[in-house]
Structures are given as structure tokens and as C-alpha cells.
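Asker: Below, each chain spelled out in residue letters.
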Amino acid sequence: MIQRLHYIVLVLIVFASGCTRQDEKITTIKFWGMGNEGEMVQSLIKEFERRNPTIKVEVQQIPWTAAHEKLLTAFAGGSTPDVCQLGNTWLPEFTVLNSLEPLEPFVQQSALTDLKDIFPGVLKTNILDSVLFGIPWYVDTRLVYYRKDILKQAGYAEFPKTWKDVLKASKIIQQQAKAKNTVCYPFFLPTNEWVPAIVLGMQSGGNFLKDKDSQGNFKGKQFTSAFTLMSEIYRQEYSPSGMQLITNLYNSFSDGLIAMYITGPWNIGEFSRRIAPELQNEWMTAPMPSMDSLSPGVSLPLGTSLAIFRKSEHKGAAWKLIEFLTSVEQSIEFYKITGNLPPRRSAWQDSALASNIYIKAFYQQLQRVDPLPQVPEWEQIVIRLQTYVEYIATGTMTVDAALKQFDGEVDVMLEKRRWMVEKGMK
Amino acid sequence: MTSNARTATAWIFLSPAMAVIGIFFVIPVLAAFVLSFTDFDIYSLGNWNYIRFIGFQNYLRILDTPLFWKALKNTFYFVLIGGPLSVAVSLGTAMMLNSKLAKFKSLYRTIYFLPVVSSLIAVAIIWRYLYHPAHGLLNYVLSTVGISPVDWLGDPALAMPAIIIMAVWKNFGYNMLIFIAGLQNIPEDLYEAAHLDGASWSQQFKEITLPMLKPTTVFVVMITIIGYFQLFAEPYVMTQGGPLNSTTSIVLLMYEQGFRWWSMGYAAAIAFVLFIIILFFTLLQMLLQRSVK
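Chains as they are written, first to last, in our numbering: chain A, 188 to 613; chain B, 1489 to 1781.
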């Protein structure tokens, strides 16, 4: 009995001391990380907590497919976290909601954060109406993966710098394959992706939206030329016009069924693992071809940023976490464990990045990226665009008819915005 | 006790339940009804001054949206193929379990009923594994008889049939129980008489079982159809409405408009359109039931 009493006293002491230690101003901040990053960031968080013993970080991992809904619902319910990872194309929505904290004041006092060191095109996606709302955490852009041997055989020792040359190379590759009685689709443009269409539109100098982003501008001359180029690729059968044929990208690459493909940095790892071993020296990355003589051609500044929600009661601690995670040192660390590319240019000098031959093209590409229109409707617009890419690919609609109809749909989506612009609310 | 006092007592006893129904059902439904005449969207969520009353415009826009008609078509596909299939499977298993030859009846009844009580989300995730084009059990079984791998959930033509198969498997147990109850109510002497008269099995089925089961069948069919019109979790978990919107149902469309794009006004209008469709089928059910009696 006495022994049991001892235990109880012991437990009480431990409990009490635990409580008092907690009272010693330990700040707990909530951090929502998405998908794989939400999981991999845990090891960096441990280091952060070691360096900042008064801050405890609760990481909640949210799958990408549910992230958007969950964040909006959290906002509606007033339960947003302190810090959150946001796709940089989502920032416009959350600033429309007035839910994010401007970060300029924090940056000014920070010794670790240097905005000038961040790829300018990527930084721009975080500035809305000249207010900074997010710090880029990792960057992503799209460029071309290709088979060196197949292009060499067609007479291109280096990857073509313009779309005109890409089409020429495609023609030669196609003919060479035909001569050997094999099939090759030189340039694979998936019909369920909007990225190539938007990139080509950007390169044609088109503004996707007009009148303060309140009206579609897709039927304009520039975007028409982009869509015409795409329809040419499908019409000449440089790319299959459906999704059934290429069931496995990596096998198709290994078999020489496709020779060029636009994709993102995550595929460096996938290609290294999944392309046939004897072909490992035969694939490479190249910056986006361009419509004009400037090389590389413009691509997209994608990736995610870290932002603080206005409702947070621990903005100081939240900023400390952002400052830590976006520092050069930690972004290199993050690259090592996830392969995510650092937004800080000086991080790319590190041997871990400099030694990877495939990411050189990404470095070049990231110097030439332009932001997308910063309207909350954008994601809805590009998802709709996919349908029209499919119409073009299958030849169901002509380029002009498709773009005219698409423009009409975009105008419907932007109706509210137009009203706000007219009323002077925007 | 006067009748007034009795009514008052009844109201007092009813009030807690009424309050709950009022707060969590009646008020939200009314709010959604009002919402369906506004353009409540992401801008309005940030600032309530941006809400406009727009009359019937949401409803007109729904009729003008190709994706709505596609979703309606998909939903009807699911209801009209999946519904009868589910009823047929339930009736078939019910008759097997009701047969005098069947052994371990309660064991089988439990097994068939198990999917009904399992969580739909967990079941859908497991079926996604079964349907996996490269590692799925289903394709493995097919490969043993020489059928090449099928991309069940990736092929626009097959995705809805795949979802129907899963939904039927998940739901038939419930209707099966109702059918078993119906079958047990059929007097045994009818069959004995038919047997003595030399009626074959199929004649007995057509002349005795089906007519005697008519009220049960009408009930089961209608409950199934109303439930199937609200198809949501299966495509939400397994396909997210894809590929090429071939599994987007009305409720999934409503969810996407409401919670993905935050067009709450528009989504509320979709909900009421679905309400009208289901109401139509419910009225049809009442008419049918009356004619049965």
C-alpha cells in the first residue's frame, strides 16, 4: 500500500513539474504541410526545435488532393493554422479572402532572408498588388526531357532552341522511325495537361486576361498562334492525340516510342530509377524552346511558398519557422531529402546541386519564368482549358472555334470580377 | 386530461427532437435555398458586401453548363444500370439463402451483409487497390485466363461500370435482408400446390414468387434509386470524377462547385435541382405503391 502511495506521489510530482515547465512560455505553432513535403519536413522541424527551445511545432500533414478544400473550409470556420505551405498559384485566393499576413515587415528585420537572392520570376508570384504574402519554399518549373541518342541521330547534337527547330527535328525523327518500320511520336504532348498550352501562350506574348483581369483574352492573336502550333503537333502525329497509347511514360521513353516530353523536376528521380539501365546515359533535360530568338523560352514559376495566416496569435514564432525553412542552409538540406529545388540562387552553388547534371537546365529555366495571372479563378480556368486542348488534339474543333468558345466560358467565370472592377471595388 | 393538455404534453416531449431537427436540418435547408438565389462565392466569403441576389440566374446557368448534363447523364447511368443490377443481385442471393437446400444460412447472411456495415471510404480505397491496372487482384485473376490488363478506373468507358460493380457489392446485402423477409412471408402451401400441379421452377418463380414479392420489390427499387441518385463517395474516393468527367455525379459536381471553387450559390442551386429530381421519383414511388395496393 505504501509502495503504491509512493508511485502516486511520484506520478504527481512528474505531472506537476511537467506542467510548470510548459508554463515557461513555450509557444506552440501549427504548421500545415502538404503531401510528401508535410512528411519529409519533420526532420527539419526537429532541428528547428533544437535551435529554438521555446517553440514547439505541430506539423499536420494534408494530402494535396484535399488541401485546397481543407484550407478554404478552415478559413470559413476560423481554424486556420499559423503557418501553411501554399501552392503559389493559390495565393490570389487567400489574399482575396484577406487571410494572409503581409511579410514585408518581417523580411526587413531578418538577417537570413534575402529576397534578391530568390529567382525574381518566382518571387513575383508571391507579391499581390505590391504586397508580399509568401516566401518561396521550393520552386518548380517545366522544361523538356529528351532522348539524346534519338535527337543526335536526327542531326541535333544539342537540343533545339526554338519551336521551329523542334518541329523540324520531330519530322526527321518520325521519318527515320518510319524507314525502320517502327513508330515514334517525337514530341509527347498529353491531352490532359494545361501546362504546354499555357507555356506556348506565354511565349507568344499573349496576355491571357484583359481589362484588369476581368475578361478572357484567349481568342486574341497570340494565343491563337500557340494553339495552332499545338494542333500542328497533333495533326502531324508528332504526338498521340489521346491518352491510351502512352500508358507508362518511362517504358515509352525507354522503348523510343516518345523522344521529348515537357515535365517537372520530380521526374529527375523517376527517370533515374525507371528508364532502362542501358539508356541511363541517353536521357537529358533542356530548357524550354522558344518562339523567338531569345533562349530559353519562358516557362512557368511553380512551386510552393510558406505563408502566415492573419489569425495567427504567434506571428513572431511563425516567422521564425519560415525564416529557418527558407534559409539557404535548410533549403539545401530539403533538396537532399526530397529533391525539391531551392528558390535561393546561392543555394545552387552547393555541391549537392552543382553535381547533378540534370538540374542545370532547371537553373537556366528558372531565370526565365513569368508569373501567371493572379486571380482566384485561374485554377478553374486552366482546368477548363484542358478540355479544349483535347478538342484541338482530336480535331473535334478548329483552333478559332475552340478559343472563341473557351473565351466565352472564361468570361462567365470572371463575371463577378468584372462587376467588382466596374464598381471600383478592384 | 383534456385534449389541449395532452397536445401540450406531446409538444413538450417532442420539442428536444424538433429543436435538433430545426437547427441542423430546417434552418440549413432554408439557408441553402436562399443561397441558391445569390452569387455567394470566394469574394463574398472574404467580404459579405460582395454578395448579390441574382434571382434564377444560378438555375439558368446550370441548364447552360455542359458538365451538369454530363453529370446528370452519368448519374442516370449509375441509377438505371446499378439500381436494377443491385436489386437483381439482392433478390438472387435472397432466394439462394431462403432455399431449403442452403446450409450455414446465418453465416452467409452475415458475410453478405458485412459490406453494408463497413465504412464506405475504407471499402472504396480497398477496391481502388483491387482495380489497380498493374498490381490489382482483379487484373491478376483475369491474366490467369489470358485477358490482358484492364485500366478499370483510368478508361472513361470502364470507370463507371467499375464503380457500379463496387457499389452493387457494397449495397446488395441490405436489400437482400428485405427480400428474405418478403420471401419468408410467402405461404409454403402455394409452392406445394404448384408442385403438385406440375409447375416447373421457373413457372413457380414467375407465377408465385414475383407477384407475392411485388410490394417488397417496389419498395426496394425505389429506396435504391433514391439512394443511388446521391452517388458521391465512390467516385470522390476512387476517381475524383475522372477520367474525362466520366464518373462525375450530380452530388460530386455540387461538392466541387461548393467546396473546391467555393461557388456556394451555384452549388446550392445544384442541390435543389437534385432535390426536384429525387422528389419526382419519390412521387412516382407513391403512385406505384398505391397501384400495387
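Since the hints were derived computationally from the structure, they do not count as laboratory data. As the structure is a prediction and not an experimental result, all values here were calculated from the model. Watch out, some of these pointers could steer you wrong.
Each pair of labels, with its calculated beta carbon distance range [stated by the list, open to error]: (1) Q248(A) / I1614(B): 19 to 29 Å; (2) I570(A) / M1700(B): 30 to 40 Å; (3) P1649(B) / N379(A): 16 to 26 Å; (4) I570(A) / L1678(B): 39 to 49 Å; (5) G429(A) / I1614(B): 48 to 58 Å; (6) Q592(A) / L1518(B): 29 to 39 Å; (7) G264(A) / A1496(B): 34 to 44 Å.
The list that follows gives simulated cross-link-like pairs (lysine-lysine, DSS-like), each with its CA atoms no further than 30 Å apart [stated by the list, open to error]: (8) K348(A) / K367(A); (9) K351(A) / K335(A); (10) K406(A) / K1558(B); (11) K591(A) / K1558(B); (12) K311(A) / K335(A); (13) K1558(B) / K257(A); (14) K348(A) / K233(A); (15) K1593(B) / K603(A); (16) K1658(B) / K591(A); (17) K1588(B) / K1658(B); (18) K355(A) / K408(A); (19) K257(A) / K1658(B).
All residues carry an ideal CB built from backbone N, CA and C; glycine is no exception.
Asker: For each hint, tell me whether it holds in the structure or not.
Answerer: So, going through the hints one by one against the coordinates:
{"no.": "1", "hint": "Q248(A) / I1614(B): 19 to 29 Å", "in the structure": "22 Å, holds"}
{"no.": "2", "hint": "I570(A) / M1700(B): 30 to 40 Å", "in the structure": "53 Å, violated"}
{"no.": "3", "hint": "P1649(B) / N379(A): 16 to 26 Å", "in the structure": "21 Å, holds"}
{"no.": "4", "hint": "I570(A) / L1678(B): 39 to 49 Å", "in the structure": "59 Å, violated"}
{"no.": "5", "hint": "G429(A) / I1614(B): 48 to 58 Å", "in the structure": "30 Å, violated"}
{"no.": "6", "hint": "Q592(A) / L1518(B): 29 to 39 Å", "in the structure": "38 Å, holds"}
{"no.": "7", "hint": "G264(A) / A1496(B): 34 to 44 Å", "in the structure": "39 Å, holds"}
{"no.": "8", "hint": "K348(A) / K367(A)", "in the structure": "27 Å, holds"}
{"no.": "9", "hint": "K351(A) / K335(A)", "in the structure": "19 Å, holds"}
{"no.": "10", "hint": "K406(A) / K1558(B)", "in the structure": "26 Å, holds"}
{"no.": "11", "hint": "K591(A) / K1558(B)", "in the structure": "21 Å, holds"}
{"no.": "12", "hint": "K311(A) / K335(A)", "in the structure": "34 Å, violated"}
{"no.": "13", "hint": "K1558(B) / K257(A)", "in the structure": "27 Å, holds"}
{"no.": "14", "hint": "K348(A) / K233(A)", "in the structure": "45 Å, violated"}
{"no.": "15", "hint": "K1593(B) / K603(A)", "in the structure": "61 Å, violated"}
{"no.": "16", "hint": "K1658(B) / K591(A)", "in the structure": "45 Å, violated"}
{"no.": "17", "hint": "K1588(B) / K1658(B)", "in the structure": "26 Å, holds"}
{"no.": "18", "hint": "K355(A) / K408(A)", "in the structure": "24 Å, holds"}
{"no.": "19", "hint": "K257(A) / K1658(B)", "in the structure": "28 Å, holds"}
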